[in-house]
Structures are given as structure tokens and as C-alpha cells.
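Visitor: Single-letter residue listing:
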Amino acid sequence: MSTELPESSVPPPTAVDEPSSAPTRRTFIATTTAVGGVVVASGAIGGTLLFDDEVAAAEAPPESRVSLTVNGTRRTVTVDNRTSLLDLLREHFGLTGSKKGCNAGACGACTVLVDGRRVNSCLTLAVRLEGAEVTTIEGLADGDELHPLQQAFIDEDAFQCGYCTPGQIMSGVGCIQEGHTGSPEEIREWMSGNICRCGCYVKIVRAVEQTAGRK
Amino acid sequence: MSPQPQAAVGAPLSRVEGRLKVTGEAQYAAEFDVDGVVHAVIVDASIGRGRITGVDTRDAEAVPGVLRVIHHGNAPRLPYRDNSNGSNNPAGRRLRVFQDDRVLFHGQPVAVVIATTLEAAQHGASLVKVRYDAQRPSTDMADAEADEPTRYARGDAEAGLRDAAVRMDLTYRMARNHHNPMEPHATIARWDGNRLTVWDKTQWVVGTQTELATVFDLPMESVRVISPFVGGGFGSGLRCWPHVVVAALAARETKRPVKVVLSRKQQYFGTGFRPSYEYRLRLGSDRRGRLRAVVHEMDAETSSYETFDEAIMLAGQMFYSTPNVSQAYRKVPLDVNTPIWMRGPGFANASFAIESAMDELAHRLRIDPIELRLRNEPAEDESNGLPWSTRRLRECYTVGAREFGWHRRNPKPRSTRDGDWLIGLGMAAAVYDPGRMPAQARVRLDADGTAVVEAASSDMGPGTYTSQTQVAADALGLTMRTVTFRLGDSRYPRTPPHGGSMTMASVGSATLDACNKVRGQAIELAVEDEESPLYGVRVEDIVVRSGRLHVQGDPTRGETYQRLLARNNLTHLQANGSYAGPPDPERHSYYSYGAVFTEVGVDATLGLVRVRRMLGVYDVGRIVSPKLADSQALGGMVGGIGQALLEHTVTDHRDGRIVNADLAGYLVPVNADIPDLKAIYLEGEDMQADPLGVKGVGEIVQVGVASAIANAVFNATGRRIRELPITAEALL
Chain S
1 MSTELPESSV
11 PPPTAVDEPS
21 SAPTRRTFIA
31 TTTAVGGVVV
41 ASGAIGGTLL
51 FDDEVAAAEA
61 PPESRVSLTV
71 NGTRRTVTVD
81 NRTSLLDLLR
91 EHFGLTGSKK
101 GCNAGACGAC
111 TVLVDGRRVN
121 SCLTLAVRLE
131 GAEVTTIEGL
141 ADGDELHPLQ
151 QAFIDEDAFQ
161 CGYCTPGQIM
171 SGVGCIQEGH
181 TGSPEEIREW
191 MSGNICRCGC
201 YVKIVRAVEQ
211 TAGRK
Chain H
1 MSPQPQAAVG
11 APLSRVEGRL
21 KVTGEAQYAA
31 EFDVDGVVHA
41 VIVDASIGRG
51 RITGVDTRDA
61 EAVPGVLRVI
71 HHGNAPRLPY
81 RDNSNGSNNP
91 AGRRLRVFQD
101 DRVLFHGQPV
111 AVVIATTLEA
121 AQHGASLVKV
131 RYDAQRPSTD
141 MADAEADEPT
151 RYARGDAEAG
161 LRDAAVRMDL
171 TYRMARNHHN
181 PMEPHATIAR
191 WDGNRLTVWD
201 KTQWVVGTQT
211 ELATVFDLPM
221 ESVRVISPFV
231 GGGFGSGLRC
241 WPHVVVAALA
251 ARETKRPVKV
261 VLSRKQQYFG
271 TGFRPSYEYR
281 LRLGSDRRGR
291 LRAVVHEMDA
301 ETSSYETFDE
311 AIMLAGQMFY
321 STPNVSQAYR
331 KVPLDVNTPI
341 WMRGPGFANA
351 SFAIESAMDE
361 LAHRLRIDPI
371 ELRLRNEPAE
381 DESNGLPWST
391 RRLRECYTVG
401 AREFGWHRRN
411 PKPRSTRDGD
421 WLIGLGMAAA
431 VYDPGRMPAQ
441 ARVRLDADGT
451 AVVEAASSDM
461 GPGTYTSQTQ
471 VAADALGLTM
481 RTVTFRLGDS
491 RYPRTPPHGG
501 SMTMASVGSA
511 TLDACNKVRG
521 QAIELAVEDE
531 ESPLYGVRVE
541 DIVVRSGRLH
551 VQGDPTRGET
561 YQRLLARNNL
571 THLQANGSYA
581 GPPDPERHSY
591 YSYGAVFTEV
601 GVDATLGLVR
611 VRRMLGVYDV
621 GRIVSPKLAD
631 SQALGGMVGG
641 IGQALLEHTV
651 TDHRDGRIVN
661 ADLAGYLVPV
671 NADIPDLKAI
681 YLEGEDMQAD
691 PLGVKGVGEI
701 VQVGVASAIA
711 NAVFNATGRR
721 IRELPITAEA
731 LL
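Protein sequence lines correspond, in order, to chains S and H. Quick note: the first sequence, position 213, residue 213 per the UniProt record's numbering, numbers continuous. Quick note: the second sequence, position 553, residue 553 per the UniProt record's numbering, numbers continuous.
Possibly wrong hints are sitting among the right ones.
Restraint-style ranges between C-beta atoms, simulated for each label pair [as the list claims (entries may be wrong)]: (1) E729/H <-> G179/S: 54 to 62 Å; (2) H92/S <-> R567/H: 50 to 58 Å; (3) P184/S <-> H407/H: 23 to 31 Å.
The calculated lysine to aspartate or glutamate pairs, modelled on EDC-like cross-linking and capped at a C-alpha distance of 20 Å, are [what the hints assert, rightly or not]: (4) K627/H <-> E209/S; (5) K678/H <-> D155/S; (6) K678/H <-> E209/S; (7) K627/H <-> D155/S.
What the hints contain is simulated information worked out from the structure, not anything from laboratory work. For each residue, glycine too, the CB sits at the ideal point set by N, CA and C.
Please work from the sequences and hints to get the whole structure.
Guide: Next comes the structure, spelled out in C-alpha cells:
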């Protein structure tokens, strides 16, 4: 995706305490759309076009080494710079608990915690996570003992198909940590970045509310 | 045999697979770790109709990691054997991927790029240059010609209308809806010689198996479809869509296992949708509101290559007593991909028209909407003269009105306010025709006292794993923990599609039959075994609880399955069970029913509609799994709220492109849209329906929601909106 980028434009590692400074994939894509616009205007046809014809050179895509901690385990990997955190987790680490629902930050199925904050992992480039602490659904339970919110989801039947569930739970953990659980209305607002197509919202709110109340 | 005590069935149990789902361990189609798997990304047609004049793959093939680009110019010809009666394929000629240069709709697969990494495949797909000879597509139902209608008539509807004291002519429009399950459709395909294995998101492993066997001309047993978890479906998984064939073809051509995951955007043309409708109703009644004649004219979109058909006509034939009925259901072929059933298929749309019209009639005649419905309650199914199996709609009204506080509704529109909000109450009746189809299951009871039940079925969220385990546990006399139910594998006994509210009745009855047989074998064994404490006891006097056979009324006299099997040197007992489907001809008219009540607030200046509360009351026969059935009902209401207020697939008629093919532009309800919802299931069972006495839950719970909301909006505002979704613009 960035074969023409000069070496110096590869972003430096981000400090652990500054996760918010990292550009997301959304801003990254936004900086490249001018190129795509030119191509579309030139009348080329086909699928999604982001690059000029000459850009399609047979060079290996730029890769970066990144060290990050996932569920308490330090991992160092060399990744294609285009790889999102979500694809890193799912396709490279085999951690398929984080789900790809829309790959555009609209559904929340990919929600994980990065340095304690909930983020859409589909919009987060893996190479920007140097030194970051990532928690996914696989890292939430304490051994065999489920996190209270996981147990509350089971007890309240706050899921049906289960596909949005890991994202809902990670988002719920974030919501509780943020203290946005003062009322069902507040929980509804702060859990609205996570779509549940089976329609389990009433029970998701109950599960979050009960878990928050136990803290 | 003696009837078994019901310990599990009817108990509010949690999902047996719950732990897998809350820990991320449940594996969905794209998540299977298949050794050596490579990635494929489909290139979609960027025109709405025409021919492909050239495909330039050089740039794509130059991308490091790209293994192959397949398109109609280099793809092998595939057998595509006839499968017109299988796999839920509608009448017509199914889309054949990469077999010719024709483009039939915007987004049709025109090439696929296979690469060692997902990133390379995505980049490669963006570099494939396809040139077209484009024509202007026909995607607007208003400008297209319809096929010959399917008709129904009884009495003389036109004469009935002429003679009626009250006449209304009403046209309703319903937008195209997309299922948008949270899990995108995905397939991993692997060939081992001439045998094909696919891990697929599907609501019917047998249907996908059949389709792949016919496309590639393979014996059925050479195709295996695995699908243990389905991340939602709502109907989108009822067919084997082109990308499944693409995955299998790509795997065969590259000799590598291939994974295809549709993007969210590709879901909008790579899988089906609930077709948009125009539904005109002309009705005539007497002054007391009794219907004399109703004419239904229904136009629905379909594709140019297949004729999609759904049960849009039944509600108009059987729901209200009407001596004169005439119906014409026309499909309008367009340059779009083929629709598919979506939750509450047919009925969810028919009910919007019929139940809105009943509300309009009630208002015009100043009759309470429930009273109007009661005056039109039929004694039997007037379309075929059959008695109802059960029809407890009156109870639904009574219970619902009481629990909801219907008496507080002011029938005069625009008469209740809460600050800026105009408040309205509305109700609608609901009906659905649940399916029942032949199904099979098998059970094996092991000497350790545990059992495994297998059926090819699916669990897209309703809780098949749990409810089938409940049925099996009671029939075997085992605890829930000692029974495992397996599904989602075409090697298991055949089952019908997981849709149409038929899984519990069909698969459940097969499970019940298999487990009853095994329990019967054990009982027979015990009463004939001289060393058993049950020796000589009458078979009918024995029940099994918690794995122990004993005399009914004398729990001390008995023994466990373990002891019985061990003493008889048996490793296990096993049986196949089946359900033959409904009697032919049917002796009863069999439908599920409901009544939906809702309160909405409409912002007087902004036109914003908010659902404030909702209650559904349902007559669906026995409830096997109350906790899960409750979730299903609330989910159906949420789906209905989306249909009523948000969901609308928008097509640019200039080129056939869907302009809101994502979850930012195609709105679905989010948490903040949903108030407290409540569901009540009438207690009881429908023993005419099937051996379990169930009528299915999944579909009926969405029917009636949109009409109840539209009726409440009218009560709030005095504005009758006859088009879904009901938007702020329509109310301003």
C-alpha cells in the first residue's frame, strides 16, 4: 500500500504512554485518497483503485518489525505495513476471538483494549503498536475463571450467534473502566459502537450494568 | 413407553456453547486453521449490465505473493449440473462464476486474485483492470416490466368492493433490506484429490454440499461442508452463493486451500436480500368493519436470471375472515442479484400492508384496532376450509392489551405529548407459516452414561445446540451435562435448511425420535435381563432420570445405564431417528401468531421517531428453551425496529451500484435505539403441529413490528406513513 513512501516516512515507534498519537488506518487511508482520486478520474476501471498504474511495481511490500504485548505475552514480528492489528491477531497470531465485521470501524466486532483503552483493531495499523499492551477476548479470563462480564453475558443470555460478543465484552470492560455505567441510558450510549444484529441489546445492557455494580 | 419427566425442556437454561462464545474459542468459517491456506479476494463488476471486453491481470500478477488471477478468460468450464430443485435455488438459471463475459448486475464476481497473504490479495484485486461494454442497467422497479402474476381468488372481490359500504385504496412501499449478519460470509475450500472440503458460513450444510456437488459434478459423498458456528444469518445463509464456488475453484486451480471472506460491501451483492415491495390493497368493509372484499396487488423485485418467490400471499388469504379475495403477486426482473428470504419472509412485508390498512380502517370507522380485528377473526382457514391446529390470537390480544396498558391509548391522533415528543401507541397482529420438513438425527449412548446426538443442522443464534440438547436429555433421561449435541457437518444425518422457523419442529422431532429409540432399547434390555432389578417390569412402567432407569413411582427399584450396559458387555447403544414432515394432505391449518404493542415518541419539530417500549405476545406452541426464546423474541423486535425506521438499501439507478453498501450508510439499530422490550409466550403446546408441540419462534417475532410502529406513529402524529423505512423526512 505504500511502496513509494520514502524510508523516513515509516513512523517511529510510539511510546507506550502515547497511544492516542498513533494515526489510525482511517487517517492513513485519508492521506492516500488524493492518489486514488486521480486514478478514478483518469477513467481506469476495476475494483477499488487507490494507486496509479506505475505504482504496481514488483517490489516486496515494506515491512516493519514491531514488538508488542498481547494478553501478557511479548511478541516480536515482522509485518507488512498494511496489516491491521485485527489481521495481525487473526491471520498471524491465530487469535480469532477478535472478529472482523465490517473492517471499517462501524461495527465494533473487532474491539480490543490497547493500553487499557478500547479501540477498533481493524482501524489500527499493527506497525504503530511498538511497545503497546493489547488485551483481546482470549486474555480476559483468569485461567478457567471467566471475567465477571463474560459470566454475566452467559447468565443474562446477552448474545445469540456470538460473533459480536467478544467485541461487546471488550467494549463493556472498557465502558465499565471508563465509568460510563451510571444508568442504563448511559450504558446504551457508550455501548452503541458495537452492533449486535441478533438484537441482544437489552441483555447486553443488563450484563454490563450488573458487572459494573459488582465492582 | 412411559412419558419421560421434563426436566430440561421448559427450563430457563443458559446456552451450552456459551463459554466458547464469550472466550472467543467458538470457530466461525474463516477461522479454521487449515494448513497452507492462501487468501483470495474477489474483483466485483463495476458496471450494472453489459459484457467484459478485456481483463488485464499483469499488474496484479506482478504483486509479490500473488499466485494467480482467475477470470472468465482463463477459468475452466465448470459442469454446473442442474440443481433446480435443490439447495434453495429459485427457478431460473443460476449465476455461473467466470463462465462467460456477461455482467448481470453491479458487483458480480468477474475475477479472483489468490495470494499468499491477505494484503497481497487485496492489493492485487485493486490492480485488476477490467474493461467493459457497459449498458444501462434496469434496477428501478417503477420503470420495469413485471412477469405474469401468480394469482389467487375466492368469491368475487371486485363485486364485493363495489357493494361495500366502506372502501379504501392504499398503496404501501417497503425498501430493500439486507440481512447484514455480523459475520461476513466466508468459505475455506480444500481439495484432497477429488474430494472437496469446505468450511463455510451457511444455514444449510446439505444445501451447500448439494450445490458444490452439482457445480463440480462430484458425488455427494465427495463433498464435505463444515459449519459449526454461524455468526448470524437471518436468511442470508440459505443459499450457496457464488463466492463459495469461487473458493472451491480457486483452491482447485492453485492446488492450495483457499480462504475467501466477503467484505462488508460485497455482502450487499454477493448474497441476497429482502426484496423491495409495492403492495396495493383495495379493501371494502361494512360499517361495522367486517371485511367484505380485499384485492391485493404485490410487486416485488427479482433478478434477471432467477425468479425469487416467497410467501407474501398467504397472510391475505387466511388471516382475516373475508368472503371475497383476489391477489396478484408479480415479480419484476431487474439487473440485480437474486433476493433471498429474510427474517419473517413474506409475512413481515405483507403484515406491514395489511396491519397498517386495518389500523386505517379502524381509525376511519372509530373502532378500537383490537376490536376491529376480533370482528374479522375467522372460525377456520377460509383458504382451504381446514380447522386451525391452534390459533390463540384472542389471547394474544387480551394478554397484550392488559400487560401493555392499551386502555390508556387515546384513539385521537396527536393528542398526547411529553415535552417535545408526540406520543403514540400502536399495535399489530402477526402471523407466520412455520416450516416442517423431513429431518434425521442419530444418537449414541455410551457405556459411561454419556450420549452424543448428531444432525447436520445449524445454529445461527437461536440456540439449536442448547434446545436440541434439552430435548435429547429429557428423552434419554440424562442430565444436560452428559449430553452433547453436534451439528454443522454434512456427514451428520440430513436436515432441512436452518430457517423458516422449522429447526425445532423438524430436527427436534428427529432428535426426540432417535433418543426415544435408544431409551427404549435400554428399557427392553433391562426388563429382559434376569440380573437387572427391572427384570420383568412392564416397559410402560419405566422412566429414566439422571441416567438411571427405575420403576415409575418407585425410584429405589432401578439401575443406571452404565451398570446395564457394562453387565451386558455393551460399549454403547445407538439409533437413528427421523421426522417425516407434516401429514399429506394436511389435516390442520398451522400458523404461529402474535400481537405486537408499542409506544413511540416522535419529535414534533425534527420528525425523529424513537421507540419507547414494546411488547410482543406470541402463540408459538411449546417453548423448549425459555431463556433463549426470550432473547430471540427481543432480537426479532430489534430487527423489526430496523425494518420500520432505519433499513434501506439504496441503488443508484444510473449504474446499478448500491450506494450505502456498508454499516455506516445502511443503518441498523444500535444499543441506544433500543428501549426495554418485553416478550410473553402463551403457555401451552400445539400437538397437532409435530411431536414436540412447537411452532417455531424465529420468524414470527419480527412480523408485525414495523406495522405496530407505523400505527403508533399515526397515533402520535396523525401522519400515516405508508413507506418503509419511516424516516424523519417523511414526517416533516
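Visitor: A separate judgement is required for each hint: does it hold in the structure or not?
Guide: Checked hints:
no.	hint	in the structure
1	E729/H <-> G179/S: 54 to 62 Å	violated, 38 Å
2	H92/S <-> R567/H: 50 to 58 Å	holds, 54 Å
3	P184/S <-> H407/H: 23 to 31 Å	holds, 27 Å
4	K627/H <-> E209/S	holds, 19 Å
5	K678/H <-> D155/S	holds, 18 Å
6	K678/H <-> E209/S	holds, 18 Å
7	K627/H <-> D155/S	holds, 10 Å
This entry does not satisfy hint 1, going by the numbered hints stated previously; all others are met.
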